[in-house]
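Enquirer: Listed here are the chains, written in short residue letters.
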Amino acid sequence: MRNIHVMRKLVLISAIVGLFFGAVATAVSVQFPVRQVKSLPAPSYVVDELLVKFKPHVAGRFKAQAIETHGDRHIRELTPNGYVHVKLKPGTGVTRGMTLYKADSNIESVQPNYIYHATAVPNDIDYGQMWGLKNTGQMISAASYPTNNPGVAGQDMDMEAAWDHVKDCNSRVVAVLDSGVNYTHQDLAANMWDGTAAGFPNHGFDFLDNDNDPMPQDAYGHGTHVAGTIGAVGNNNLGTTGVCWQAKIMALRVLSASGGTTAAITQGVNFAVAHGAKVINMSLSGSTFDPAFNTEITNARNNGVIVIVAAGNEANNNDVASTVYPCNFSQDNLICVAALDQAYALATFSNFGATSVDVGAPGVNAKSAWPGPTISDDFTSGWTLTGAFTAVSCDLDGPGPVAPFRMLVNPANWCAFGSYANNANDVAYKTFDLSSFLHARLGFLFFLDTQLNTDFAGTAYKSSGGDPFSGMNITEVSGTTNNFAVEGSADLNNCRTATCSVGFRLRSDAAIIDFGLGILDFQIDTVEMNSNVYQVLNGTSMASPHVAGLAALIWSYNPSYTYPDVVNSVKNGGEPIAALSGITTTGRAVNAMGSLRYINPPSGVAVVIQ
Amino acid sequence: MKIRTSVMLVYSVALVTLLGLAACGGGGGGGGSGTTSSVQVSWTANRETAVNSPGGGYKVYYSSTAGFNIASANVIDVPYAAGATPTSTTLSLLTGTHYIKVIAYSTLNPGGSTPSAEIAITAP
Numbered sequence: 001m002r003n004i005h006v007m008r009k010l011v012l013i014s015a016i017v018g019l020f021f022g023a024v025a026t027a028v029s030v031q032f033p034v035r036q037v038k039s040l041p042a043p044s045y046v047v048d049e050l051l052v053k054f055k056p057h058v059a060g061r062f063k064a065q066a067i068e069t070h071g072d073r074h075i076r077e078l079t080p081n082g083y084v085h086v087k088l089k090p091g092t093g094v095t096r097g098m099t100l101y102k103a104d105s106n107i108e109s110v111q112p113n114y115i116y117h118a119t120a121v122p123n124d125i126d127y128g129q130m131w132g133l134k135n136t137g138q139m140i141s142a143a144s145y146p147t148n149n150p151g152v153a154g155q156d157m158d159m160e161a162a163w164d165h166v167k168d169c170n171s172r173v174v175a176v177l178d179s180g181v182n183y184t185h186q187d188l189a190a191n192m193w194d195g196t197a198a199g200f201p202n203h204g205f206d207f208l209d210n211d212n213d214p215m216p217q218d219a220y221g222h223g224t225h226v227a228g229t230i231g232a233v234g235n236n237n238l239g240t241t242g243v244c245w246q247a248k249i250m251a252l253r254v255l256s257a258s259g260g261t262t263a264a265i266t267q268g269v270n271f272a273v274a275h276g277a278k279v280i281n282m283s284l285s286g287s288t289f290d291p292a293f294n295t296e297i298t299n300a301r302n303n304g305v306i307v308i309v310a311a312g313n314e315a316n317n318n319d320v321a322s323t324v325y326p327c328n329f330s331q332d333n334l335i336c337v338a339a340l341d342q343a344y345a346l347a348t349f350s351n352f353g354a355t356s357v358d359v360g361a362p363g364v365n366a367k368s369a370w371p372g373p374t375i376s377d378d379f380t381s382g383w384t385l386t387g388a389f390t391a392v393s394c395d396l397d398g399p400g401p402v403a404p405f406r407m408l409v410n411p412a413n414w415c416a417f418g419s420y421a422n423n424a425n426d427v428a429y430k431t432f433d434l435s436s437f438l439h440a441r442l443g444f445l446f447f448l449d450t451q452l453n454t455d456f457a458g459t460a461y462k463s464s465g466g467d468p469f470s471g472m473n474i475t476e477v478s479g480t481t482n483n484f485a486v487e488g489s490a491d492l493n494n495c496r497t498a499t500c501s502v503g504f505r506l507r508s509d510a511a512i513i514d515f516g517l518g519i520l521d522f523q524i525d526t527v528e529m530n531s532n533v534y535q536v537l538n539g540t541s542m543a544s545p546h547v548a549g550l551a552a553l554i555w556s557y558n559p560s561y562t563y564p565d566v567v568n569s570v571k572n573g574g575e576p577i578a579a580l581s582g583i584t585t586t587g588r589a590v591n592a593m594g595s596l597r598y599i600n601p602p603s604g605v606a607v608v609i610q
Numbered sequence: 611m612k613i614r615t616s617v618m619l620v621y622s623v624a625l626v627t628l629l630g631l632a633a634c635g636g637g638g639g640g641g642g643s644g645t646t647s648s649v650q651v652s653w654t655a656n657r658e659t660a661v662n663s664p665g666g667g668y669k670v671y672y673s674s675t676a677g678f679n680i681a682s683a684n685v686i687d688v689p690y691a692a693g694a695t696p697t698s699t700t701l702s703l704l705t706g707t708h709y710i711k712v713i714a715y716s717t718l719n720p721g722g723s724t725p726s727a728e729i730a731i732t733a734p
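First to last, the protein sequences are chains B and W. Under this note's numbering, think of the first position of the first sequence as 1, with each following residue one higher. Under this note's numbering, think of the first position of the second sequence as 611, with each following residue one higher.
No lab work stands behind these hints, which were simulated from the structure alone. Heads up, some of the hints might be wrong.
[To be verified] Covered stretches of chain B, going by a simulated chain W footprint (3 or more residues, C-beta under 8 Å): (1) 523-530; (2) 546-559.
[Unchecked claim] If you anchor each label on the Cβ, the simulated ranges turn out as follows: (3) B:Val121 with W:Ala676: 46 to 52 Å; (4) B:Gln65 with W:Asp687: 16 to 22 Å; (5) W:Ala676 with B:Gly82: 30 to 36 Å; (6) W:Asp687 with B:Thr355: 38 to 44 Å; (7) B:Ser105 with W:Ala730: 40 to 46 Å; (8) B:Val121 with W:Gly665: 30 to 36 Å; (9) W:Ala676 with B:Thr585: 27 to 33 Å; (10) W:Ser652 with B:Thr99: 35 to 41 Å.
Just so you know, these numbers come straight off a predicted model, no measurement behind them. The beta-carbon is built from N, C-alpha and C at its ideal position, and this holds for glycine as well.
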């Protein structure tokens, strides 16, 4: 009995964390980063001027004399700080000029005449939470990755410096192959690809439902979050800011809440290439070399399209412990991305690989767009309970460190391993107003242990309210989950009314009773028109779109670039960090300013004697 | 009379300037006595926008030592000029074998790219 108790705890934790994009709390060796010295944009001062401050006793005419001695010109004395603005003679330069003036005993101090620019800081209200774009050492709110929160100021993509030069990625379409995108989100609507002329008025395609509406029908928000990281509208006073302030995001739905297939994904890549996308983001992974998928990556390459993919969230070495695709595909148009935390340590869940994973990017506590509000319920109020159904606080690990969970259980003493009654027909339900949503989906976790094929647990919904089991939309299961908490769900798209009742049932026959039903983590995910909702998430899924946005930004700044130029710029413009050294192909964290500075070595050098 | 003097002075300055430029070019190219050849170095234009913009351009380094370090080599700056991306320049090289590398630079990256592959040329 005790063993079962412990197993309930362990499995439960794993399953819950698994929902958050597989950030499994496995103990791994975390390498701590060494603070890197970053070079600053240059030139940052006037190359032939100085500001010289004489000691207080020096009279005005001696100042001019001292300056003329060096062959320089006295421009003016600045008030009120007493600095003299000096024009250096040609050829001196600021460095040598400072040395000469510092040697003069009548001079108190000397400095360059620095140049200042308006810095591109967006006014979006959540920008201050976006540590990956600008890390001030801020604490991220609603964070689910506790390590290094807050992190280290300056460990970021240097976006503000880059935005001084480019923030508009409109010239390069970015395809998001994912769970669909809520293209009406307040921070995405203006930055979606316009496919109207090609017959795709909804900004992409849905390869699961085979129609032209890539809205996340199952309210799975992953793709909306990814899209926001790439191109949430910048400087619109709303929510977050994308790597690109302006973008053209093509939404291609290839994943449901339970995953995707070769058929959908390969069609998605093909569509992206055929309709002009130059960057494809795929925050997804599988474990098997897939020839059809591989062929599509090559097709993208042959059309000059870059593919940015996630390394995976199993804390594995992709070179050795397991293979992860598309990360492990070897085409040169593919960049595989690991996740970094707020101190630029490798995230504990992130995969890595010295030959398969290329770069790192911010991938924890990442705030981005979400399709709609999540209705969470802890069974505290509003529930109609019959029979033995009871809302309890259940301490699954006994005296262990995990706080009790709010659960809906049957029997009432489920937490103490009691047994349900014979001849039960118990229901528990609650009514929700889902009338304002475009889509809705129920998700929950449950433990089940009933006599197989005679005793059943059920889920049901009814759009007109009341006992949902008096309606037609009922799903039942029987048997045991072997003390695993498993995911349950129900599509509520046909229950989008003001009186949608949702509930559970336990029914049993006259013989044999088992442990029964325990439900937790009840939530209804939604898609809302013009959503203003944001979510903080962890995963290499969140790291990859930071790089996809960067690729589009680099390409927009350098429109003559070919796909290898962009790949070189992303990889070689990155910032070397200790945490990635030896476990990625570059050892670098992507850096926007570094990539804009990066220059490919000239090619085609030839000489002719004349 | 004053006007004529003034004009003559201007001519004189212009002449000195021309001579000065010619002398400077000869000294820089030949580096002293000996036979020199005129060698045209060309390259493919870089695709970085900032290289082919004001403040950007290319530098051609040359040396008589194979595998030379550009920090201690002769250099010709070939800056971007309005509307024209430079893709060649001419060197005066003494008789013998010379090695050449090209870098590209920009206002964002005044230090420039890593050098191109080194090529050798034997001046007659």
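Enquirer: How does the segment 523-530 of chain B fare against chain W when you require at least three residues with a CB closer than 8 Å, holds or violated?
Expert: violated (count 0)
Enquirer: Look at the Cβ atoms of Val121 (chain B) and Ala676 (chain W) and judge whether their distance stays inside 46 to 52 Å.
Expert: holds (50 Å)
Enquirer: Look at the Cβ atoms of Gln65 (chain B) and Asp687 (chain W) and judge whether their distance stays inside 16 to 22 Å.
Expert: violated (36 Å)
Enquirer: That 27 to 33 Å hint for Ala676 (chain W) and Thr585 (chain B) (C-beta), does it hold up?
Expert: holds (30 Å)
Enquirer: Taking 8 Å as the C-beta cutoff, is the stated coverage of the segment 546-559 of chain B by chain W satisfied by three or more residues?
Expert: Our answer is that it holds, as 3 residues pass the Cβ test (under 8 Å) against chain W, meeting three.
Enquirer: Using the Cβ atoms, figure out if Asp687 (chain W) sits within 38 to 44 Å of Thr355 (chain B).
Expert: holds (40 Å)
Enquirer: Measuring from beta carbon to beta carbon, are Val121 (chain B) and Gly665 (chain W) in 30 to 36 Å?
Expert: violated (25 Å)
Enquirer: Lying within 35 to 41 Å: is that true of the beta-carbon distance Ser652 (chain W) to Thr99 (chain B)?
Expert: Since Ser652 (chain W) and Thr99 (chain B) have Cβ atoms about 40 Å apart, the given range 35 to 41 Å holds.
Enquirer: Does the Cβ pair Ser105 (chain B), Ala730 (chain W) satisfy 40 to 46 Å?
Expert: violated (54 Å)
Enquirer: Could one say that the CB atoms of Ala676 (chain W) and Gly82 (chain B) fall in the range 30 to 36 Å?
Expert: The hinted range 30 to 36 Å is violated for Ala676 (chain W) and Gly82 (chain B), with Cβ atoms some 55 Å apart.
Taken one by one, the earlier hints fail for this structure at numbers 1, 4, 5, 7 and 8, listed in ascending order.
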